[in-house]
Amino acid sequence: DVKVTQSSRYLVKRTGEKVFLECVQDMDHENMFWYRQDPGLGLRLIYFSYDVKMKEKGDIPEGYSVSREKKERFSLILESASTNQTSMYLCASSEVRGETEAFFGQGTRLTVV
Amino acid sequence: KNQVEQSPQSLIILEGKNCTLQCNYTVSPFSNLRWYKQDTGRGPVSLTIMTFSENTKSNGRYTATLDADTKQSSLHITASQLSDSASYICVVSEYFGNEKLTFGTGTRLTIIP
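Line by line, the protein sequences give chains D and H. Under this note's numbering, the first residue of the first sequence is numbered 1, with each subsequent residue one higher. Under this note's numbering, the first residue of the second sequence is numbered 1, with each subsequent residue one higher.
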């Protein structure tokens, strides 16, 4: 059974804190993605990675960074959390190319106060 | 700008009834179209994926159609069940060396007994 696991379901952090969101997949997928999901806006791509130590900016990378030191793990970092980063964060992974499914984690609901 | 628009935004139907959700897109070049189901507070789960050459695909009580000429897709749910209550997200992929996904904002479906 394929699995993408996010380290936390719910997080509450203070403004200015450094926040780490962790994602692990057990499918040996090359591609990994971080999205945020807000009401009325759908899923928006923050960063993605097609290989270890490789990262590319998505549509809304400002205020975020990522790390991919191992193939199975992709971390999203909020360097200095702000209230406008309160959102649902979703990690996904997929194979390299073709009509392959993207598998999503269960999501992390982050609240910045 | 590539866009995916879904309608209706929300829908309420009685258990046992059928319904159809719509998706229009402007994504180009087109690679494939996917429908995801997202339960409240969870990550999306894939229902179907269709390429340019496919115009219908079924997954149990879910049937997706694709008209690549008019850039429209629909998801038909037959004999709805309470567990079908969820958001249904249309996702269109463009291929540019690696896949880029554009997400619709989803249709919120509520099944009432």
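Everything labelled a hint here was simulated from the structure, so no lab data went into it. Be aware that one or more of the hints could be misleading.
[Stated by the list, open to error] Listed below are several chain H residues computed to face chain D (Cβ distance under 10 Å; list not exhaustive):
no. : residue
1   : Gln6
2   : Ser7
3   : Tyr36
4   : Gly41
5   : Gly43
6   : Ser46
7   : His76
8   : Ile89
9   : Val91
10  : Lys100
11  : Leu101
12  : Phe103
A virtual CB, placed ideally from N, CA and C, is assigned to each residue, including glycine.
Hint by hint, here is what the structure shows:
With a least beta-carbon distance of about 9 Å to chain D, the hint placing glutamine 6(H) at the interface is held under the 10 Å criterion. The beta carbon of serine 7(H) is not positioned within 10 Å of any beta carbon in chain D (closest approach about 14 Å), and the interface hint is therefore violated. About 8 Å separates the beta-carbon of tyrosine 36(H) from the nearest beta-carbon of chain D, less than 10 Å, and the hint is met. With 10 Å as the threshold, the beta carbon of glycine 41(H) comes within range of chain D, its nearest partner Cβ sitting at about 7 Å, so the hint holds.
Among the interface hints, the one on glycine 43(H) holds; its C-beta lies about 3 Å from the nearest C-beta in chain D, closer than the 10 Å criterion. Taking 10 Å as the C-beta cut-off, the interface hint given for serine 46(H) holds, the closest approach to chain D being about 5 Å. Because the beta carbon of histidine 76(H) sits about 20 Å from the nearest beta carbon in chain D, more than 10 Å, this interface hint is broken. Checking isoleucine 89(H) against chain D: minimum C-beta separation of about 7 Å stays under 10 Å; hint holds.
Interface hint at valine 91(H): satisfied, since its Cβ lies 8 Å from the closest Cβ of chain D, which is below the 10 Å cut-off. At its closest, the beta carbon of lysine 100(H) sits 8 Å from a beta carbon of chain D; the interface hint therefore holds under the 10 Å criterion. This hint holds: leucine 101(H) has a C-beta 7 Å from the nearest C-beta of chain D, less than the 10 Å allowed. For the restraint placing phenylalanine 103(H) at the interface with chain D, the shortest Cβ-Cβ distance is roughly 4 Å, inside the 10 Å limit, so the hint holds.
Consistency with the previously given hints fails for numbers 2, 7, ordered from lowest to highest.
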